[in-house]
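Peer 1: Sequence:
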Amino acid sequence: MELDHRLYTVAWIAPLEIEARAAACMLDREHDGRFSMQRGDDYVYQAGEICGHNVIIEYGTGSAAALASQVKKFFPNIWFGLLVGVAAGLPSLIGPLIRDIRLGDVLVALPEGDSAGLVAYDLGKETALDGFYGDGDSCQGSDQEYKKASTKQCEPSSPVLRQD
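To convert, note that position 90 of the sequence shown is 171 in the working numbering; the numbers rise steadily by one, no gaps.
The hints are simulated quantities; they were obtained by calculation from the structure and are not laboratory data. Here the structure is a predicted model, which is why all the values come from computation and not from measurement. For each residue, glycine too, the CB sits at the ideal point set by N, CA and C. Watch out, some of these pointers could steer you wrong.
With beta-carbon atoms standing in for the labels, derived distance ranges [unchecked claim]: (1) Leu210 / Ile99: 32 to 40 Å; (2) Leu164 / Met118: 21 to 29 Å; (3) Ala103 / Ala146: 19 to 27 Å; (4) Leu97 / Met118: 20 to 28 Å; (5) Arg110 / Ser150: 26 to 34 Å; (6) Ser117 / Thr90: 13 to 21 Å; (7) Leu164 / Glu111: 15 to 23 Å; (8) Leu210 / Met118: 19 to 27 Å; (9) Leu210 / Met82: 55 to 63 Å; (10) Arg110 / Glu83: 38 to 46 Å.
Construct all of the structure, not just a fragment, from the sequences and the given hints.
Peer 2: Here it is as structure tokens:
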């Protein structure tokens, strides 16, 4: 059975196979069938449903940017995209605010001042004098994403990083 690529509104981009397998486990229901493929398309798509939303999980051997570009081209009705990845820890135990980020933690980037809140680490340089200097494009989220994240921060059970 051929799946209709116009019915999918949420994209879950998983650059690594292990991430795609984890994403597939989150589906409430898998959609049986295949998408018509174009010549030279080396990406793997898995279709399914989460809470009534048609979700496409995309996995490929290219960069995350290439995956996102492909998903926008092939699925015209995507209105929300997630890039969910596995990363190592990022402990920072110096400075006024200690952020001890470990494997398994969930990070959400929010804009602050002139910063979009999220910068790809390979789009900058680490210098001895100034620390990290971003010289590439930052990643912008949508207003809807920022509102949801701000609401989550206000919940009493939400852990907040504090300066004691």
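Peer 1: For each hint, tell me whether it holds in the structure or not.
Peer 2: A quick look at each hint next to the structure:
1. Our hint of 32 to 40 Å for Leu210 and Ile99 holds, since their Cβ atoms are close to 38 Å apart.
2. Distance hint check: the CB atoms of Leu164 and Met118 are about 23 Å apart, consistent with the given range 21 to 29 Å.
3. The given range of 19 to 27 Å is respected by Ala103 and Ala146, whose C-beta atoms sit roughly 21 Å from each other.
4. Taken as a hint, the range 20 to 28 Å holds for the pair Leu97 and Met118, whose Cβ atoms sit roughly 21 Å apart.
5. Our hint of 26 to 34 Å for Arg110 and Ser150 holds, since their Cβ atoms are close to 28 Å apart.
6. Ser117 and Thr90 have their C-beta atoms about 19 Å apart, which keeps the hinted 13 to 21 Å range intact.
7. Checked against the hint of 15 to 23 Å, the C-beta distance between Leu164 and Glu111 comes to roughly 21 Å, which is consistent with it.
8. A hinted range of 19 to 27 Å is violated for the C-beta pair Leu210 and Met118, which are about 50 Å apart.
9. In this structure the hint that Leu210 and Met82 lie 55 to 63 Å apart at CB holds, the actual value being about 60 Å.
10. The beta-carbon spacing between Arg110 and Glu83, approximately 18 Å, falls outside the hinted interval of 38 to 46 Å.
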